[in-house]
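Participant: For reference, the chains in residue letters:
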Amino acid sequence: MKQTLFDKVWDAHVVEAVENGPQILYIDKHLIHEVTSPQAFNELEQRRIPIFRPLQIVATADHNTPTTNQHLPVKDALSRKQLEQLSKNCLENNITLYKLGHKYNGIVHVMAPELGITQPGMTMVCGDSHTSTHGAFGAIAFGIGTSQVAQVFASQCLLLKKPKSLRVTVNGSLKKGVLAKDVILYIISKLGTNSGTGYFCEYAGDVFENMSMEGRMTVCNMSIEMGARGGMIAPDQTTFNYIKGREFAPKGTEFEKKIEYWKTLPTDEGAKFDKEYTFEAEDIAPMITYGTNPGMGIKISDAIPLEDNPSFEKSLQYMDFNAGESLLNKPINFVFIGSCTNSRIEDFRVAASFIKGKQKAKNVTAWLVPGSRQVEAQIKAEGLQSVFENAGFELRQPGCSACLAMNDDKIPQGEYCVSTSNRNFEGRQGPGARTILASPLVAAATAVEGKIIDVTQHTL
Amino acid sequence: MEKFSTLKSRAIPLNVANVDTDQIIPARFLKATDKKGFGDNVFRDWRYDKDQNLKPDFPLNNPKYSGSILVAADNFGCGSSREHAAWALVGYGFKVIVSSFFADIFKGNALNNGLLPIQVSETFLKELFNVIDKDSNTSLTVNLETQCLSVDEINLSTIFDIDPYKKTCLINGYDDIDYLVSQKEKIEAFEHLNKH
Ligand code: SF4
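Residue numbers (our numbering), protein chains in the order written: chain A, 424 to 883; chain B, 12 to 207.
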């Protein structure tokens, strides 16, 4: 039978099917962090169940960490306790932890791929919905709740129903100034925030084939914003080149053998999907969001649509925007370039290439937060730090930061923030904060101009 | 986990679509290392204004409404995978959430905490909102065994779907860990075969 990429990886991990019920799916890699793991460790301890496969777990501290003075003790007592708890749990259970300050520390979905932990054909989970990011490598990767974290601790497996399959194809070539972030914001704006619920999504076509791994990760990262549990892109030479030589990647003949296997994974010609959508690359332009869910996105030069329903109105009221209004020239005081969606080296290169030789607008507070220590080091090694600093930007230390504002990096009440993160929910970046999602290029341009501009009208 | 069989209760209506888990429990309350206390902060920024006064127009604050059933609008629980959202709803006292659509991860999290998500048709949901709007004392009955949700006074009822395995778990108060741990040998055999 003709199989999809998803089928192949899924079927290879089914331990058993429960009669009239879910399947037992084996999990190759389990990533954990400080916020969604403590209750799972407690659960196992209370039930006196040992961690089944500690060597298949990797931990990092990212959600609740400061982005300045990471060498000093964490000031916030509750955050400090959560981080200490993670260290203690990992130590007691023989789990590798890249804690704050470690050279491999970073946002879980940035550090695992960059260390070569993420590989094609794997099953991966993490107590974080953006685990879908790792699907960029042709892995089945998805977010789980804390009860499921405990299940994987106890058995390295999960009980799941096999999701349905969905394919989104985008052919053609992207216009100047259109980045991976715009592609996924465009797709979500067309399909809506629950179109993918119950599905695993494969992205196919020229646009994704020609995309860098960083771009593919940006796309797969936001699969959850259309409701899909995960996204996947077939592994190819771009994938293999990215993995080669990384810390935990297979080496030598083992690597060659793996590549042979990985090459068998792409969807067979003629395989059936439960749902298919197709878009043209030429129709995609730089995007921004105007509302309080990621599906409320428009081309930067378009006006906010007119819609008549209470949720839409509530959303615009929160954002203090009007239906029919254009967002061009809206003054913006905050810009955030970071989060597991857009905090990789390529994102900072794009931002730096726009910023170089310009100055940040006076009204703007701009935070640049690399996704990991390694990205931070690369920013410095490539000389981007001085580009940013000369332009008046602040390069902070890695972590989730203003993506979810658990630490001090909060956008003040009522302020707009053009953000490269993935969620524009009410209060996501701090109580009363108003988030406008965009690509790193649009974010950089906003910081320089102090307002939203149409980047396509600029020399890029 | 607590066992679930039947429930008769009044309901609190929350007629807002796309309620995400950041609204159910904002991130700044996720610093705890146990499951307790989240109920106090459920819908925090909708229940309180910025000076920490209760907002009287929010349904949870409206003395007209009470009960352990939340009737919510479409696409409830989207966004983050935080199980804290389920803990917050359970902590506040909810046992059932009714909606026309639930986000995947939230649904699983709810079931793993004995919180029953009941998906109904949009038409049924609309009627339910109408009925509660007309008479906030209306009580709903949930029977998990027969998979039936009904409003007895007015003869309105619907059958809902639930995964048979999950149904057994809820009725008996079992969870997936018990089951998975009992399958250890098979899991080890799988590992051996696949050289993990
Ligand atoms: S950066 Fe944001 S979305 Fe990504 S893992 Fe951290 S909190 Fe979640």
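Just so you know, these hints were derived from the structure itself, not from any lab.
Check before you lean on any hint, since a few could be wrong.
What follows is a list of derived Cβ distance ranges for each label pair [unchecked claim]:
#, chain 1, residue 1, chain 2, residue 2, range
1, B, D60, A, D725, 31 to 37 Å
2, A, N517, B, N205, 18 to 24 Å
3, B, D45, A, E805, 41 to 47 Å
4, B, G104, A, D706, 44 to 50 Å
5, A, E736, B, N148, 43 to 49 Å
6, B, S193, A, F678, 36 to 42 Å
7, A, L514, B, N205, 26 to 32 Å
8, A, E515, B, G48, 21 to 27 Å
9, A, E812, B, N26, 45 to 51 Å
10, B, D60, A, A804, 46 to 52 Å
11, A, K498, B, K61, 21 to 27 Å
12, A, D434, B, S193, 34 to 40 Å
Some, not all, of what chain B presents toward chain A, calculated at C-beta under 7 Å [to be verified]:
#, residue
13, D60
14, G102
15, N120
Below, computed lysine-lysine pairings styled on BS3-like, alpha-carbon distance capped at 25 Å [said to hold, decoys possible]:
#, chain 1, residue 1, chain 2, residue 2
16, A, K585, A, K511
17, B, K137, A, K504
18, B, K42, A, K431
19, A, K431, B, K47
20, A, K504, B, K177
21, A, K599, A, K722
22, A, K599, A, K431
23, A, K526, A, K722
24, A, K425, A, K598
25, B, K206, A, K674
26, B, K177, A, K584
27, B, K195, B, K19
28, B, K14, B, K42
29, A, K585, B, K206
30, A, K511, B, K46
31, B, K61, A, K737
32, B, K106, A, K584
33, B, K106, A, K511
34, A, K425, A, K599
35, B, K42, A, K522
36, A, K585, B, K195
37, B, K137, A, K737
38, A, K599, A, K874
39, B, K46, A, K522
40, A, K584, B, K137
Cβ coordinates follow ideal geometry from the N, Cα and C atoms, glycine included.
Participant: Run every hint past the structure and note whether it holds.
Facilitator: These are the hints, each one checked on the structure:
| no. | hint | verdict |
| --- | --- | --- |
| 1 | D60/B <-> D725/A: 31 to 37 Å | holds, 34 Å |
| 2 | N517/A <-> N205/B: 18 to 24 Å | holds, 22 Å |
| 3 | D45/B <-> E805/A: 41 to 47 Å | holds, 44 Å |
| 4 | G104/B <-> D706/A: 44 to 50 Å | holds, 48 Å |
| 5 | E736/A <-> N148/B: 43 to 49 Å | violated, 29 Å |
| 6 | S193/B <-> F678/A: 36 to 42 Å | holds, 38 Å |
| 7 | L514/A <-> N205/B: 26 to 32 Å | holds, 29 Å |
| 8 | E515/A <-> G48/B: 21 to 27 Å | holds, 25 Å |
| 9 | E812/A <-> N26/B: 45 to 51 Å | holds, 49 Å |
| 10 | D60/B <-> A804/A: 46 to 52 Å | holds, 48 Å |
| 11 | K498/A <-> K61/B: 21 to 27 Å | holds, 23 Å |
| 12 | D434/A <-> S193/B: 34 to 40 Å | violated, 23 Å |
| 13 | D60 | violated, 10 Å |
| 14 | G102 | violated, 13 Å |
| 15 | N120 | holds, 4 Å |
| 16 | K585/A <-> K511/A | violated, 35 Å |
| 17 | K137/B <-> K504/A | violated, 45 Å |
| 18 | K42/B <-> K431/A | violated, 39 Å |
| 19 | K431/A <-> K47/B | violated, 41 Å |
| 20 | K504/A <-> K177/B | violated, 35 Å |
| 21 | K599/A <-> K722/A | holds, 14 Å |
| 22 | K599/A <-> K431/A | violated, 36 Å |
| 23 | K526/A <-> K722/A | violated, 39 Å |
| 24 | K425/A <-> K598/A | violated, 34 Å |
| 25 | K206/B <-> K674/A | holds, 17 Å |
| 26 | K177/B <-> K584/A | holds, 11 Å |
| 27 | K195/B <-> K19/B | violated, 39 Å |
| 28 | K14/B <-> K42/B | violated, 29 Å |
| 29 | K585/A <-> K206/B | holds, 23 Å |
| 30 | K511/A <-> K46/B | holds, 18 Å |
| 31 | K61/B <-> K737/A | holds, 18 Å |
| 32 | K106/B <-> K584/A | holds, 24 Å |
| 33 | K106/B <-> K511/A | violated, 34 Å |
| 34 | K425/A <-> K599/A | violated, 37 Å |
| 35 | K42/B <-> K522/A | holds, 17 Å |
| 36 | K585/A <-> K195/B | holds, 21 Å |
| 37 | K137/B <-> K737/A | holds, 19 Å |
| 38 | K599/A <-> K874/A | holds, 21 Å |
| 39 | K46/B <-> K522/A | holds, 24 Å |
| 40 | K584/A <-> K137/B | violated, 30 Å |
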